[in-house]
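Trainee: Listed below, chain by chain, are the residues.
Protein chains: 2
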Amino acid sequence: MFTYEMPTKLYFGKGCVAQSVADMAALGKKALIVTGRSSAKRNGSQDAVVAVLESAGLGWVLFDEVEANPSVEIVRNGAELGRKEQVDFVIGIGGGSPMDAAKVIALLCTNDLDDEILFTGPYGAPPLPIVTVPTTSGTGSEVTKISILTNHKAGTKQGVKSPMLYPKLSLADPSFTMGVPEHVTIDTAIDALSHAIEGYMAKDATPVSDVWAEEALRFFGLHLTQLRGTLSYAVREDLMYASTLAGIVISQAGTTLVHGMGYCLTYYKGFSHGRANGLLLPQYMKLMEESMADKAQRVWELLGFAGSDDFEAFMKDLMPDTVTLSEEEIEKFTTMVMKTASVKATSYDVTAGVVARIYAHISK
Amino acid sequence: MFTYEMPTKLYFGKGCVAQSVADMAALGKKALIVTGRSSAKRNGSQDAVVAVLESAGLGWVLFDEVEANPSVEIVRNGAELGRKEQVDFVIGIGGGSPMDAAKVIALLCTNDLDDEILFTGPYGAPPLPIVTVPTTSGTGSEVTKISILTNHKAGTKQGVKSPMLYPKLSLADPSFTMGVPEHVTIDTAIDALSHAIEGYMAKDATPVSDVWAEEALRFFGLHLTQLRGTLSYAVREDLMYASTLAGIVISQAGTTLVHGMGYCLTYYKGFSHGRANGLLLPQYMKLMEESMADKAQRVWELLGFAGSDDFEAFMKDLMPDTVTLSEEEIEKFTTMVMKTASVKATSYDVTAGVVARIYAHISK
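One line per chain: the protein sequences are A and B, in this order.
By my numbering, the letter at position 209 of the first sequence is numbered 547, and the numbering carries on one by one without gaps.
By my numbering, the letter at position 181 of the second sequence is numbered 519, and the numbering carries on one by one without gaps.
Pulled out of the complex, with its shape left as it was, chain A reads as follows:
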């Protein structure tokens, strides 16, 4: 028995934002646009969204204060603006941070939730309708029911998760990623690769999520060696396609140990999300070669690697960053990771010893 749920209507391709007039108009009269401070203004995405809203005769107000790894405090500010302006729907434009912020802002516009209930639910009312416009190819948040926020009270990143958070509409135009700098292109691609691999290997993988995962891995196999320098539109399009598919994968199958362990590297060591996952993926695949040999082999075929050692060498070249973890850090992170759902989601008997060994392996 499995379920498949992907209620978001997806527009994909160059110029797709302008095609969404009727869908936008169906969501209400006034939108809250949620972005970071600058990139949505530079890459053309904000202008494209404003143009389609205005051609649909809709009003809008801008909240452009979302930082990377957005905090609960920031989304509360966004929701306050949305309520004050009585918006009907919320549009998140950007990478994972503004899209994730938009989801929780939409939820807080219709629900009074204290910090604890925010992360656990239940939620009384459905959020305002959510629209996502990705401007990086990584997070997959444009098609997921999850929002990852930084919870300073808990001392890590945590997920707000509910089928109510599925965007109504996602407008994925690869043009907006043309100017993404190299290190962000690499970071986000490896995040998306991690989604495809982890979802494919997860205990909750389904026949349907596996189809998407293999399709995403096929596209990563075409382009993993081409992430440096100036990328053509065709490559940018394939990367966004693959990262969106990988988002559908994790919405069905969830993420696993790589994400669970990576959040500590981001929160405490300042590693970007993609680099954190990239450091961990090769060792994770070593576990999978033991416990899921057939699927691991299929990953190598689709990506074009001989095995986890070959992949580790490639990743070290692509992401030469190193991290140094003290014994105390390893112990602290391991204790935190063992409390997360990512342990049980992993197709391996994950013990504290396994987690500590991987942290030690990546530490220089």
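Heads up, a few of these hints could be off.
Below, a list of computed lysine to aspartate or glutamate pairs in the EDC-like style, where the Cα atoms sit at most 16 Å apart [claimed, not checked]:
id : chain 1 : residue 1 : chain 2 : residue 2
1  : A       : 499       : A       : 453
2  : B       : 499       : B       : 453
3  : B       : 499       : B       : 454
4  : B       : 347       : A       : 453
5  : A       : 347       : B       : 343
6  : A       : 541       : A       : 627
7  : B       : 506       : B       : 361
8  : B       : 633       : B       : 548
9  : B       : 506       : A       : 343
10 : B       : 607       : B       : 548
11 : A       : 506       : B       : 343
12 : A       : 367       : A       : 392
Don't read these hints as lab results, they were simulated from the structure.
Given the structure of chain A, go ahead and fit chain B onto it with the hints provided.
Mentor: Showing chain B alone in chain A's frame:
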């Protein structure tokens, strides 16, 4: 630029109806169950649905008068019952006929529509929420936004089509197909095969619908030679999986000339929908071998045929039915087909001559 839309939440597998308690409860207090006269009572599907409704504490009322190729009149009767009983949602259990009837009944419960507007829209209010429980592996209606009704005023089958008709929930348990008789198994499998092939070849095919189409064709390739006699649960499961995927395909890409030409054979010559499509598919693939050679070749690889002649010989053995069409009938049907959207949806320069030639070819 392409779009992907499949908002239906799908449960798939043995016993899945019983897992849907919370989703059912979210749809309201009272359901209208729409079925044919007998099969839903025999194959266990109606009991399973009633059990889950009762365990969710919901009321229900039964409309079991849906005939094959349901007429506008029948769905009006169903809607009258639904309004009188003030139901909150509609559950269609069966093959395509009860599921298609349920969709339009749900629409007519919330909209007063004369026969013309019914087929064209626009529709003012959204329909009552729709749930589908397929008991054959063919139509794909469980996941589509289309309802095909017999319109006696127009003298053919016609589609009611709107994104509002997507079911909220579909519960696909292959167990319910275990007792399906051989001729229906074959009919419905060939209908679903036709969806996968036509959607794959359609002008409106998308990268996403092609992924589903190839996956469905792969499963048909495994089982097309095993449709006779007693089928195991494993084969029944694969057939339902493939037919559901093929339903997702046509919801994105639409059907084409095979369906357009087949409706005349059903309406005027009494051929079942699957047999009508089966008669036409080999000749349709001859056109595709000309205009879409690469994709046609991929179809043969996935299905395990050498080409359209090989496929035609297989289909003649599987469905030995013949049809005799007079010159007048060929002319009349051709004129009707040329007015349908199926002509423009086909990746071939379809002229009246092409249509007439195919009808003449299949006529004995």
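Trainee: A separate judgement is required for each hint: does it hold in the structure or not?
Mentor: Against the structure, the hints:
1. A/499 x A/453: 14 Å, holds
2. B/499 x B/453: 14 Å, holds
3. B/499 x B/454: 13 Å, holds
4. B/347 x A/453: Since the Cα atoms of residue 347 of chain B and residue 453 of chain A sit roughly 30 Å apart, the hinted pair is violated (cutoff 16 Å).
5. A/347 x B/343: Given pair residue 347 of chain A, residue 343 of chain B holds - Cα atoms ~5 Å apart, limit 16 Å.
6. A/541 x A/627: Holds, at roughly 15 Å.
7. B/506 x B/361: OK: residue 506 of chain B and residue 361 of chain B at ~9 Å, within 16 Å.
8. B/633 x B/548: Distance ~10 Å between residue 633 of chain B and residue 548 of chain B Cα, so the pair holds.
9. B/506 x A/343: Given pair residue 506 of chain B, residue 343 of chain A holds - Cα atoms ~10 Å apart, limit 16 Å.
10. B/607 x B/548: 33 Å, violated
11. A/506 x B/343: Within the cut-off at roughly 10 Å; holds.
12. A/367 x A/392: 11 Å, holds
The structure fails hints 4, 10 (numbered hints given earlier, in ascending order).
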